[in-house]
Amino acid sequence: MSVLGARGISPRQVLLAVAAPVLGILAWHLSTTGRAYSLIPPPWDVAVQWWDLAFGGVWDDLYSETLLTHTLASLSRVYGGFALAAAVALPLGMLIGRIAVVRDLLDPTLQILRPIPVTAWLPLAMIVFGIGPRSAFFLVFLGAFYPILLNTIFGVKNVEGRLFEAAAMLGVSRQAIFWKVVLPAALPSIFTGLRLGLGFAWVVIVVGEMTGVQTGLGAIIMEARQLSRTEIVVSGMVTIGVLGFLSDQAVQALGRRLLRWSPQHG
Amino acid sequence: MDDVMAAPRAVTSAVLPILEAQHVTKRFAFGAETITALSDASLRIDKGEFICLIGPSGCGKSTLLRMVAGFESASEGSLLMWGKPVAAPGPDRGMVFQDYGLFPWLTVTQNVGFGPAARGRPKAEVAATARRFVDMVGLTRFADAYPHQLSGGMKQRVAIARVLANDAEVVLMDEPFGALDAFTRERLQEELLDIWAKAKLTVIFVTHAIEEAIILADRVVVMSPGPGRIVADERIDLARPRDPTSPEFNALRRHLSGLLGGHH
Numbered sequence: 002m003s004v005l006g007a008r009g010i011s012p013r014q015v016l017l018a019v020a021a022p023v024l025g026i027l028a029w030h031l032s033t034t035g036r037a038y039s040l041i042p043p044p045w046d047v048a049v050q051w052w053d054l055a056f057g058g059v060w061d062d063l064y065s066e067t068l069l070t071h072t073l074a075s076l077s078r079v080y081g082g083f084a085l086a087a088a089v090a091l092p093l094g095m096l097i098g099r100i101a102v103v104r105d106l107l108d109p110t111l112q113i114l115r116p117i118p119v120t121a122w123l124p125l126a127m128i129v130f131g132i133g134p135r136s137a138f139f140l141v142f143l144g145a146f147y148p149i150l151l152n153t154i155f156g157v158k159n160v161e162g163r164l165f166e167a168a169a170m171l172g173v174s175r176q177a178i179f180w181k182v183v184l185p186a187a188l189p190s191i192f193t194g195l196r197l198g199l200g201f202a203w204v205v206i207v208v209g210e211m212t213g214v215q216t217g218l219g220a221i222i223m224e225a226r227q228l229s230r231t232e233i234v235v236s237g238m239v240t241i242g243v244l245g246f247l248s249d250q251a252v253q254a255l256g257r258r259l260l261r262w263s264p265q266h267g
Numbered sequence: 002m003d004d005v006m007a008a009p010r011a012v013t014s015a016v017l018p019i020l021e022a023q024h025v026t027k028r029f030a031f032g033a034e035t036i037t038a039l040s041d042a043s044l045r046i047d048k049g050e051f052i053c054l055i056g057p058s059g060c061g062k063s064t065l066l067r068m069v070a071g072f073e074s075a076s077e078g079s080l081l082m083w084g085k086p087v088a089a090p091g092p093d094r095g096m097v098f099q100d101y102g103l104f105p106w107l108t109v110t111q112n113v114g115f116g117p118a119a120r121g122r123p124k125a126e127v128a129a130t131a132r133r134f135v136d137m138v139g140l141t142r143f144a145d146a147y148p149h150q151l152s153g154g155m156k157q158r159v160a161i162a163r164v165l166a167n168d169a170e171v172v173l174m175d176e177p178f179g180a181l182d183a184f185t186r187e188r189l190q191e192e193l194l195d196i197w198a199k200a201k202l203t204v205i206f207v208t209h210a211i212e213e214a215i216i217l218a219d220r221v222v223v224m225s226p227g228p229g230r231i232v233a234d235e236r237i238d239l240a241r242p243r244d245p246t247s248p249e250f251n252a253l254r255r256h257l258s259g260l261l262g263g264h265h
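Protein chains in written order, with this note's numbering: chain X, 2 to 267; chain Z, 2 to 265.
A portion of the hints provided could be inaccurate.
[What the hints assert, rightly or not] Only part of the chain X face toward chain Z is listed, based on derived beta-carbon distances under 10 Å: (1) Glu161; (2) Leu164; (3) Ala168; (4) Gly172; (5) Val173; (6) Ser174; (7) Lys181; (8) Val252; (9) Ala254; (10) Leu255; (11) Gly256; (12) Trp262; (13) Ser263; (14) Pro264.
[To be verified] Beyond 12 Å from chain X on every Cβ pair, some chain Z residues (computed): (15) Ser43; (16) Pro117; (17) Asp182; (18) Arg255; (19) Gly262.
Calculated directly from the structure, the hints in this document are not laboratory data. Owing to the predicted nature of the structure, the values given are computational and were not obtained by experimental measurement. Glycine residues also receive a C-beta, built at the ideal position from the N, C-alpha and C atoms.
Same shape as in the complex, but just chain X (with noise of 0.2 Å):
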């Protein structure tokens, strides 16, 4: 089956998921287009700056062909501080969210820490990590740790009580509840706070290039604002929006693999 078959998606929904940007892109271009004095370029101008940041040959100025090095530069952050956010995020809601005295150790210090937004930390990461890429990669983690903390421990303390009584009625031991237990149970949970901590890392990955870095989708964007090289802006916008939408749809993807048996997922 293809994979629009198999998630059911109809020739309709498609027409009328694109009817809105579409819709969007029309009144952008009728608003900008042949107007002087516009500080918002139209649509078209955007597509030739974006075909230029991408493969030249217009242009030919300092962005021109970058767009390859300032994306991978922003995925390796992006991925790179969500992969680390995961792995001290899963493990350490895993131990909150099953063990009484981590919960009590841990859980205040870190609400207290949540609601501080990531452009808040920006001064100080720039003060303890330094000017660059590892100050970046920080912001870019913190973006993406709490919903894959608040997930994991969510999903590890509400497992349905009957199971851990059916578990053991079948003979199964204290110490592989965890494993046979918990852990699948906890997994369409855990799996929603990954998409979010990915989604997130994607958020803020702007501000986390506001580190001074020199590539990147967020550093060429606050550099083109400087420059009122707007086209630029909104090419990098684009680029982002895409390559978020589209790592997105893998990690759905891989759910329905992995949750088939889950009525939210499969």
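Dock chain Z against chain X, hints included.
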């Protein structure tokens, strides 16, 4: 209370009962209050018997069952299996819950093989055992389905197969058919009796339906609330399959209804 205790049938009294409750009392702390869920219950069950515990809500029938399962411990008195105190849940006492308690991430076959697998049986043996019991409860076609794809009756079949595949000697059933429609319930009752006879199981079956108790049981243990206690232990001597429209069946129904205080 004495008559329940005093008259274990003379023929079998020399044989060790598979299960025995001796003056079991269970209290729950409920905030500052203490609630007596079960008071001084004594019961003797021989291997192969089909026992129904019947009574209204709050009579302690589920509490007694959960204590036999090892999920709760007695506040006073003792619960013995083959003469040894019941300390914890174990595969010798398989429980079938009203809400099934299946593992949603496992297929029908994997659910049925869960116990043997958890106890470290070899893979080939687990697979063979699972297949045998999946077939036995008539779910061959659904062997690879996940629980959320099954009807209530099918889920309960899986739950029964799961404890049988795990070599349970005693099957504890807590209103297992309570959530099913009448037609499915009747079929499952028949199938359960069939499996019980073939596998020589001992079954303790909690229900609040008098008719279900008379259809199934060798003995109906009648319980009453406030505090929960055993008020009667009636032997059902009708030949199986039992006809709910027969005069004998109706006489028993009236009798048990009377013991239950005419609420039913």
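Hints, one by one, checked against the model:
With a least beta-carbon distance of about 8 Å to chain Z, the hint placing Glu161(X) at the interface is held under the 10 Å criterion. The beta carbon of Leu164(X) comes within 6 Å of a beta carbon in chain Z, closer than 10 Å, and the hint placing it at the interface holds. Hint status for Ala168(X): holds, given a least beta-carbon distance of 7 Å to chain Z, under 10 Å. Of the supplied interface hints, the one on Gly172(X) holds, with its beta-carbon coming within about 4 Å of a beta-carbon of chain Z, less than 10 Å.
For Val173(X), the interface hint holds, the least distance from its beta-carbon to any beta-carbon of chain Z being 5 Å, beneath 10 Å. Checking Ser174(X) against chain Z: minimum C-beta separation of about 8 Å stays under 10 Å; hint holds. With a cut of 10 Å, the hint placing Lys181(X) at the interface with chain Z holds, because the nearest CB-to-CB distance is about 6 Å. Interface restraint check: Val252(X) against chain Z, minimum CB-CB distance 19 Å, threshold 10 Å, status violated.
Violation of the interface hint for Ala254(X) is found here, the shortest Cβ-Cβ separation to chain Z being roughly 19 Å, above the 10 Å cut-off. Restraint check, Leu255(X) versus chain Z: the minimum CB separation of about 16 Å is more than 10 Å; hint violated. Hint status for Gly256(X): violated, given a least beta-carbon distance of 13 Å to chain Z, over 10 Å. Because the smallest distance between the Cβ of Trp262(X) and any Cβ of chain Z comes to about 4 Å, under 10 Å, the interface hint for this residue holds.
Contact between Ser263(X) and chain Z, as hinted, is supported at the beta carbon level, the nearest pair being about 7 Å apart and thus within 10 Å. A least Cβ separation of about 4 Å between Pro264(X) and chain Z falls short of the 10 Å threshold, and the interface hint therefore holds. Here Ser43(Z) stays apart from chain X, with its beta-carbon at least about 24 Å from theirs, past the 12 Å limit. A cut-off of 12 Å between C-beta atoms contradicts the statement that Pro117(Z) is not in contact with chain X; the least separation is 9 Å.
No Cβ of chain X comes within 12 Å of the Cβ of Asp182(Z); the nearest lies about 21 Å off, and the non-interface call holds. Remark: the non-interface label on Arg255(Z) is consistent with the geometry, its nearest Cβ contact in chain X lying 37 Å away (cut-off 12 Å). The claim that Gly262(Z) lies off the interface holds: its Cβ sits roughly 31 Å from the closest Cβ of chain X, which is beyond the 12 Å cut-off.
Hints 8, 9, 10, 11, 16, counting from the list given before, are not met by this structure.
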